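Q: Here is what each chain is made of, one letter per residue.
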Amino acid sequence: MEQVIYRWDLDKTYLKTEFETLKGMLRAYLEKAEEKKSVPGAPSLLKELQKNDNNEIYFISGSPLQMRKVLEKKLVMDGIRWKQLTLKPNLQNLLLGRFHALREQIGYKLPVLFEDNLRRGKGSEEILFGDDAESDAYIYSLYADTIAGKVSKETIRKIMELSHVPAKNRKKALSVIDRLAANDVVRKIFIYLDKKTPIRRFEFYGSRLVPVYNYFQAALVLAAENLITVTSLTRIILDLVIEARYSPVVLSNSYQDLVRRGVIHHTQAGRMVDGIKQHLRQEIVPLPEGFYDKFFALLDGIREIKKNIPVDSVKPIDYVKLYHEEHRKEIKQKKSFIDRVLQ
Amino acid sequence: MTTIAFDAMGGDYAPDDVVRGAAWISLDTDINVILVGDEKKITDILKDVKHNPENLSVHNTTQFVGMDEHPKEALEKKPQASILVAAQLVRDGKAEAMVSAGNTGACILTCAKTFSKIPGIQKAALASVYPTEIRRGEKNDPFSLILDVGATINVTAKDLVSFAIMGSSYASRISKNPKPRVAILSNGTEEIKGSPEMLEAYKLLKQYPKINFIGNIEGIDIPKGTADVVVCSGFTGNIVLKMLEGVSETVVGLAKFAYKKRFAWKIGLFMLKGAISQLKTITDWEQYGGAPLLGFDNLFIKAHGRSKAKATSNAIKVAAKAVRGGLIQEISSSIKDFSFD
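From first to last, the protein sequence lines stand for chains A and B. Residues in the first sequence are numbered consecutively from 698, following the working numbering. Residues in the second sequence are numbered consecutively from 105, following the working numbering.
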């Protein structure tokens, strides 16, 4: 397998974090590594990915730099190895009076992604993981299309201005874009639907971006793309069953959802069902009685859904227009955040 | 995890609103809902709403029975109709209960074709709920149960007794009312009032200690809430139900008329706004969701044809509650206990 770069957000993508309330934010900041909880399936998926020595794992998080120690400890406890963990200089933002930057993500993540892509040079494919709590879908898509040479420098300048990115940082990011060679390397963007945002809102990003409701779905897509083996997929299933008590119904419903949405073609889904069944039959892990029979029967039901993969629109994404739409949603979210804090 | 087969194509607002109702359920319960209907339409609706697909699946079928179709003809013409397929999923053990807001006749016929009767029960009864003056049970339930409201037109005394037993079981399991008061709807409260079947049923129920039989009631007692379970023939029940609905619609119509007619009345109604709104909440049929078709060995909850998302989701909750409460087992054992000889 060739080298693939996996970039992960942390809060709400890998870690179960609640920052919708002041109490939740404080807890996230104060809790120890032992108290932090990962999203079910995320550690086992990462562990399967790192089994391929060529793969590299990068974390980019909106958590403050001061949390590095506790976050690194948590990742070590989960058995995760990473190449880089980038955290946000929020104390600096606070001291410099950049209050807008405290919650703003575009001006923080986009330059980090550009710089890292430039540093790495042309080549490796990238798979990105984010969530629906903030603007990950937007940032990742914009990053992917910019490095692929599909978004102009002018558009980036405009978006950064709209995001109130300080002039110095803006200039730095734009100078990086000048040096980027067209590099269409982002293969998939996974958005973990922590808030269960309706998936229609992600449709205009095309089939490269896959909203997922759990990491079993992400693992299925990666297996369909031959980025993980069916053996790895089986181990992730077992982890979800044992650690997070996923039932046969939850697993098969999640699978059916992907087939119905046309994320995985029905013929491929059928082949993968055979693979999963074959691998699970060889497992000696004791599961609740009747688990395998029920799961296999439900998996066979997935074959009944015949769905083709929808064709992407050839129309390029208007990121400035989209920014305004995202911004409107953000204002609404902020309003409800203030309401919740005041409650 | 309770699995409910849901006829996604039945109802005035199907599939949009009923699918939305199922989507709500998927977010805040662990009930597994199988949406039976046009997969493409259902998936498209789900894309616009928050939902948790871990608790939802779709069983594809493109045929369905329309609200105005003749039930028998439609079911014969459409062997893959969503209501039939949903019932088959329950019969085959793939779901534990079914819910539909669709064509009532087709629902009853489907159950009759697909399910078997509970041993000891001759005829099925369709129940309905009605808001009353008093509340009952652990949940402070404002609704009384009326059965039958149209499934069985001609009844025998034994049928009325089995309706009483089934209604009592339902009220105790769903409204958490440990000793529901059961009454026969008659033309007088005296023991000697009513048709020969009703007189015989009266005698039989009086002798059965497991039913809290309070005797006969008159129509006036229904909204008062004198009984928690009102037993009658499908013919009578249907007339009563439609009459009650008609009265309620007329009252609303008169209030609207008064609102427009005089300014003073308008102010009066405005001042009563809070009380009217509270009354509306108490008597809101949408909060109940649906009522059961009793007598079969599988559970069916009929949601109102006008059900929107809220009523739909509540109907699914009622179905799950009935499954978890062991309603069918309760009815079976109560019927077994009762000696008709």
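For the record, the hints were derived by calculation from the structure and aren't laboratory data. Careful: at least some of the hints might be erroneous.
Chain A is faced by these chain B residues, among others (derived, beta-carbon under 8 Å) [what the hints assert, rightly or not]:
(1) Glu143
(2) Ser161
(3) Ile296
(4) Lys297
Keeping only pairs whose Cα atoms sit at most 30 Å apart, straight-line, the calculated DSBU-like set for lysine-lysine is [stated by the list, open to error]:
(5) A:Lys1003 / B:Lys360
(6) A:Lys893 / B:Lys360
(7) B:Lys221 / A:Lys991
(8) A:Lys1026 / B:Lys412
(9) B:Lys151 / A:Lys847
(10) B:Lys360 / B:Lys370
(11) B:Lys151 / A:Lys1012
(12) A:Lys892 / B:Lys182
(13) A:Lys1026 / B:Lys151
Pair ranges (Cβ atoms, derived) [stated by the list, open to error]:
(14) B:Asp441 / A:Met722: 38 to 44 Å
(15) A:Gly721 / B:Lys414: 26 to 32 Å
(16) A:Arg1000 / B:Asp132: 48 to 54 Å
(17) A:Lys729 / B:Gln433: 45 to 51 Å
(18) A:Val1017 / B:Met375: 26 to 32 Å
(19) B:Ser437 / A:Pro983: 44 to 50 Å
All of these numbers come straight from a predicted model, not from anything done at the bench. Glycine included, C-beta positions come from ideal geometry on N, C-alpha and C.
Q: List in ascending order the numbers of the hints, as given earlier, that are violated by the structure.
A: 3, 4, 5, 6, 12, 14, 16, 18 and 19
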